[in-house]
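Starting from the known structure of chain A, fit chain B onto it as the hints suggest.
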Amino acid sequence: MAALMQLQVDISRKIFRSFEESGQIVALENVRFAADVGEFLCILGPSGCGKTTLLNIVAGLDSNFEGAVSFKTFVDTEHFVQDAYDHREKTPESSRGNSGSRDRELRIGYVFQNPRLLPWRTVEENLRLVLSSEQVQSGIIDKLLTSAELEAFRNTYPSQLSVGMQRRVSLIRAFSIQPDLLVMDEPFVSLDKRMEDNLHQVLLDYWHSSKPSILFVTHHINEALKLASRLLVFSSRPGTLILDIPVELTYPERNTPEIFRDFVTQLSEEYPEIRQIN
Amino acid sequence: MVFRKSSFRVTLLSFVSLLAIWYLVALLANSRIFPPPLDVLEVLLESIAKGELQYHIGHTLMRVFISFVLAMTVGIGIGIALGISKSLDRFFDSWLTLLLNVPALVTIILCYVWLGLVEAAAILAVAINKIPNVIVTIREGARALERDYLEMAQTFKLSRTVVLRHIILPQLAPYLVATTRSGLSLIWKIVLVVELLGRSSGVGFQLHLFFQLFDIASIFAYTLAFVLVIQVLEYGLLQPLERRISRWRR
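Protein chains in written order, with our numbering: chain A, 1 to 278; chain B, 1 to 250.
In isolation and in its complexed conformation, chain A is listed as follows (with noise of 0.2 angstroms):
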């Protein structure tokens, strides 16, 4: 069971250096939330209004921008630990700082937009190489395999696998460490139709059984809302926070096609900012 988390967001500028141009680009700018406790957020965006770099960012990848990340982590109801990086600028004792009593490290589950699998490792060798030993004998691996119906290639190297069943690995990679916070970039990306719904499922269906906080990247409005518990919106380069909304739609009701059409409809008529993005 995933830990209860906070995750708090406050990024005044992210630049990178740029050769051309002799200058610099500016890939956000006052980028500031905060993710309650099993929140699903969709992270929506033109390409390039760095929705990579901003979970690089939360990830801990990326520790080159002004601002500062942080977790907080309950452990239970009476105890919580927190856990933070902080980068702004001039404060040189500002790394990675903790306080009150630590049960366990933040786990941070990074699915990247390719799959990024070991290819000299097997799926199962793949899959034991990020758990711990009293993890790997909790026989976590085989209930996950069996989940997402890889059970029989569980002795395949990835290269032998389809890009779907890539991903589907890659997915249950993350979902292994048991993560309190599920970091997602287009994990779905160019897959076909149906087993794009197929991973959409198998997602869902872990958030509600166990409900970690999940960041979620996307460029498609239909699928943020049909994952999404809130919505989050940039604008292009800089990347800044311009709409920040629940989405308030029933799972059940997000399968069905006339309710969901209809409710896509009616969000973008209300918020324009949603229609620049396609």
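Quick caveat, the hints were computed from the structure, so don't treat them as lab data. All C-beta atoms in this analysis are idealised placements derived from N, C-alpha and C, irrespective of residue type, glycine included. Errors might be hidden in some of the hints.
Unchecked claim - Residues of chain B placed beyond 12 angstroms of chain A at every Cβ, according to the derived structure:
1) S31
2) F92
3) R147
4) Y149
5) M152
6) A173
7) T223
As the list claims (entries may be wrong) - Stretches of chain A that chain B covers, calculated by requiring three or more beta carbons in the stretch to come under 8 angstroms of a beta carbon on chain B:
8) 58-68
9) 109-121
Just chain B now, kept in the frame of chain A:
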């Protein structure tokens, strides 16, 4: 080793015709300095019976092995460091160019002069000759390491040993195989020179002796035996190893 029947036949034919040419040339030359195959075989068997051949080849192989391990260990470490760090690479690049172009003979002479005619000097000289080549090859491999996998490792908080074993080494494997193969063929040639110049055992020492005696049959015998040993290493050790580490490729 699986040969198809026809390819085996071709190989056999090729060997037999080589022997035939050798025999014919020896017959025409009719000279002590170009002995026919049978004479060489006789010398070979005699040397084996006396235990000389095994003794000297054993010594040579031991030197090959020790200097190979030394060169690989040092070369892989430095190669990875230079491949990962641009500033280190820029600083040491000219040193590397210099080392790559120092003739093997110079290193050998200097090692013997500075350290004396001892085993350590011989092994060090061979290793120094090989190290720059290992560095260059491994550096190439380390430069090509995929950032994607390292980022994946970072988000999943994989330990250093896991990263080295499952992410870095598999990517370096083709480069390791390449440098091992070229390394063995380079090292055994240099070892012979080292033995010729300053050791009293090994194939190089023996060849030097036969040279002074004009004993060409023995030179042929030692050469054949040595080539055979190297081929056994290639097919028995290197090729199975290479197949094992590349089995994940389609």
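Tested hints:
1. S31: holds, 57 angstroms
2. F92: Holds, because the least Cβ-Cβ distance between B/F92 and chain A comes to about 25 angstroms, which exceeds 12 angstroms.
3. R147: At about 10 angstroms from chain A, B/R147 fails to clear the 12 angstroms cut-off, so the statement is violated.
4. Y149: Violated: least Cβ distance 6 angstroms, not greater than 12 angstroms.
5. M152: Non-interface label fails for B/M152: nearest chain A Cβ at 5 angstroms, not farther than 12 angstroms.
6. A173: At about 8 angstroms from chain A, B/A173 fails to clear the 12 angstroms cut-off, so the statement is violated.
7. T223: holds, 39 angstroms
8. 58-68: It holds: at least three residues are needed, and the region 58-68 of chain A offers 3 whose Cβ sits within less than 8 angstroms of chain B.
9. 109-121: Coverage by chain B holds here, the residue count being 9 at a Cβ distance below 8 angstroms.
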